[in-house]
Amino acid sequence: MSFDGAAVRGQFPILAEMIDGKPVHYLDNGASAQTPDAVLDAVRTYETTGRANVLRGVHRLAERATDAYENARVDVAAFLGVPPLEVVFTGGCTAAINLVAYSYGSLLKPGDRILLSELEHHSNIVPWQMLRSRAGIELDMIPVTLDGRIDLDKLPGLLSPRTKLISLAHVSNVTGAMVDVGAVVAAARTVGARVMLDGAQRAPHGPIDLAALGVDFYVFAGHKSYGPNGIGVLWAKAELLEAMPPFMGGGSMIGRVTLAETTWAPPPRRFEAGTPPIGPAIGLGAACKWMMALDWTGAHAHEMTMVQQLMDGLQKIDGTRIFGPAGLQNRYPVVSFMLDGVHPHDVAQTLDSFGVAVRAGHHCAQPLMDRFDLDGTTRVSMAPYNDRTDIDALLTGVRHAARTLR
Amino acid sequence: MSDQLYQDRIVALAKARTGAGKLAAPTKSVRRDNPLCGDRVTIDVLLDGQGRIAEIAHQVRGCLLCQASASALAAAAVGRDAAGIAEMRHDAERAIGRAEGNAAEPFSAFIPVKAHKARHECVLLPFEALKDALS
Ligand SMILES: Cc1ncc(COP(=O)(O)O)c(C=O)c1O
Numbered sequence: 001m002s003f004d005g006a007a008v009r010g011q012f013p014i015l016a017e018m019i020d021g022k023p024v025h026y027l028d029n030g031a032s033a034q035t036p037d038a039v040l041d042a043v044r045t046y047e048t049t050g051r052a053n054v055l056r057g058v059h060r061l062a063e064r065a066t067d068a069y070e071n072a073r074v075d076v077a078a079f080l081g082v083p084p085l086e087v088v089f090t091g092g093c094t095a096a097i098n099l100v101a102y103s104y105g106s107l108l109k110p111g112d113r114i115l116l117s118e119l120e121h122h123s124n125i126v127p128w129q130m131l132r133s134r135a136g137i138e139l140d141m142i143p144v145t146l147d148g149r150i151d152l153d154k155l156p157g158l159l160s161p162r163t164k165l166i167s168l169a170h171v172s173n174v175t176g177a178m179v180d181v182g183a184v185v186a187a188a189r190t191v192g193a194r195v196m197l198d199g200a201q202r203a204p205h206g207p208i209d210l211a212a213l214g215v216d217f218y219v220f221a222g223h224k225s226y227g228p229n230g231i232g233v234l235w236a237k238a239e240l241l242e243a244m245p246p247f248m249g250g251g252s253m254i255g256r257v258t259l260a261e262t263t264w265a266p267p268p269r270r271f272e273a274g275t276p277p278i279g280p281a282i283g284l285g286a287a288c289k290w291m292m293a294l295d296w297t298g299a300h301a302h303e304m305t306m307v308q309q310l311m312d313g314l315q316k317i318d319g320t321r322i323f324g325p326a327g328l329q330n331r332y333p334v335v336s337f338m339l340d341g342v343h344p345h346d347v348a349q350t351l352d353s354f355g356v357a358v359r360a361g362h363h364c365a366q367p368l369m370d371r372f373d374l375d376g377t378t379r380v381s382m383a384p385y386n387d388r389t390d391i392d393a394l395l396t397g398v399r400h401a402a403r404t405l406r
Numbered sequence: 407m408s409d410q411l412y413q414d415r416i417v418a419l420a421k422a423r424t425g426a427g428k429l430a431a432p433t434k435s436v437r438r439d440n441p442l443c444g445d446r447v448t449i450d451v452l453l454d455g456q457g458r459i460a461e462i463a464h465q466v467r468g469c470l471l472c473q474a475s476a477s478a479l480a481a482a483a484v485g486r487d488a489a490g491i492a493e494m495r496h497d498a499e500r501a502i503g504r505a506e507g508n509a510a511e512p513f514s515a516f517i518p519v520k521a522h523k524a525r526h527e528c529v530l531l532p533f534e535a536l537k538d539a540l541s
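Protein chains in written order, with this note's numbering: chain C, 1 to 406; chain P, 407 to 541.
These are computed hints drawn from the structure, not numbers from a lab.
Among these hints, one or two may not hold up.
So the derived label-pair ranges between C-beta atoms look like this [stated by the list, open to error]:
#, chain 1, residue 1, chain 2, residue 2, range
1, P, Glu-493, C, Arg-371, 40 to 48 Å
2, P, Ser-435, C, Ala-293, 33 to 41 Å
3, P, Ser-435, C, Arg-134, 42 to 50 Å
4, P, Ala-488, C, Pro-13, 49 to 57 Å
5, P, Asp-414, C, Ala-7, 40 to 48 Å
6, P, Pro-441, C, Asp-312, 54 to 62 Å
7, P, Ala-488, C, Met-130, 33 to 41 Å
8, C, Met-248, P, Lys-523, 51 to 59 Å
9, P, Ala-488, C, Leu-259, 55 to 63 Å
10, C, Met-292, P, Arg-437, 45 to 53 Å
All values derive from a computational prediction rather than experimental measurement.
Don't be surprised by glycine CBs; every beta carbon is placed ideally from N, CA and C.
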């Protein structure tokens, strides 16, 4: 297995799409990645040869659908290095975090504490604030260093015997920094707290060995990991899922329903009430398989070469500042920058006219923006199918914005 | 290349920063945020006895379009009351294609924004803040 960027690129039909007669330089993968033929084919196969509801039918199509759905769970589990019955399909990453906040949250007592960080995505802040209003738990926040990392030196001082959960972004969607999971897990153990990682920005960059990481909950989104929209994953240790009450009630999640009382199905079905997003789950299974077949040593090196090219290029443009780690260690290919005197939205709009797609603004991390008094950043987020021509086009656009807009 | 959005007139309006700053003793000061993009506008007004704007100032933490709009608004707002400002807003809406008819100066500068739906609110945000300040 060796990494061939052009061959990877060729598997993504949308990357051949022309806008205004030019190919798109897609550098907004952190918002949504693109989807390869393998995923499109898997979804189409389900829709054209096996479409039916799952679990409820005895006919052949229902059996095909159920098999494909459960096989997708096996593929996702392999990608995460965990048993399939610990994998819960949800409507997305946000839905998965809300599930934990509601369901695991219902096991907490007033005065229990949850520890987050200042760089979290709103989806790893707001569900906990809602739990705080509902259940009287308390929230603590780990500060962020000047180079955009969760400041783990501050972690021990924020722990207390009442800390029940530490929930952090595995990789920041703003700065690309990866948290030192080993240090977080070790600290959590000193007070018996659980650890959850928001893997939305880590999962798109290759298989994860959750057993080795030693965390308790993991969540990620299908659409950022080359899969379809409308699907996400919650993984949790079996003993935790076992102890957690359901989040939503309905069909498929029950043991036995009488009008007086209902018993719950065992996990993962307990957490998959109603007809699940079957096609999207099958697509995500295919995406995980596709990722597992890629040479990630090569792909990661390729991604980091682009990060270096980008940082070198930006540094040559007067008045640019990078918000995030300056080096390539413990980071993934998400790079935020500011261009002095030009608002990030104007940078992004100018880049669009050069055929370059990026994201600008607060990236659903307003507390982080407030902390550093930023109006927002322009964010470049890369995938293995990007190459240096994408970065070259971006740098040309940034130089143009610097020349014309200030 | 199709970067016709940032035409010279819009850039010039933004750079002019007409009315940028604060008033020492405003009758009213109102802040408006756009929750989607994070743009933030604060408008100070000093009103005369008839509810007309005697002085206006703005602080914008936002994009060039929002700055240009606040600048154009400040240049044309003095002497107008709420109804007069509503007329100006109508002009801005004409420029970006939200209302029928031709936009008059200075808001005709915003015609290039018409094609960029996601940016319409950037132009209208200063008007939202001023409307609150006059109500
Ligand atoms: C770090 C992080 N967490 C959570 C999310 C939420 O993902 P989704 O909107 O797909 O549920 C995102 C996506 O923007 C993210 O980047």
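Status of the hints after comparison with the structure:
1. P:Glu-493 - C:Arg-371: 40 to 48 Å: Distance hint for Glu-493 of chain P, Arg-371 of chain C holds at roughly 42 Å.
2. P:Ser-435 - C:Ala-293: 33 to 41 Å: Distance hint for Ser-435 of chain P, Ala-293 of chain C is violated at roughly 59 Å.
3. P:Ser-435 - C:Arg-134: 42 to 50 Å: Cβ of Ser-435 of chain P to Cβ of Arg-134 of chain C: about 36 Å, so the range 42 to 50 Å is violated.
4. P:Ala-488 - C:Pro-13: 49 to 57 Å: 53 Å, holds
5. P:Asp-414 - C:Ala-7: 40 to 48 Å: 45 Å, holds
6. P:Pro-441 - C:Asp-312: 54 to 62 Å: 36 Å, violated
7. P:Ala-488 - C:Met-130: 33 to 41 Å: The hinted range 33 to 41 Å holds for Ala-488 of chain P and Met-130 of chain C, with Cβ atoms some 39 Å apart.
8. C:Met-248 - P:Lys-523: 51 to 59 Å: Violated, at about 35 Å.
9. P:Ala-488 - C:Leu-259: 55 to 63 Å: 60 Å, holds
10. C:Met-292 - P:Arg-437: 45 to 53 Å: Cβ of Met-292 of chain C to Cβ of Arg-437 of chain P: about 50 Å, so the range 45 to 53 Å holds.
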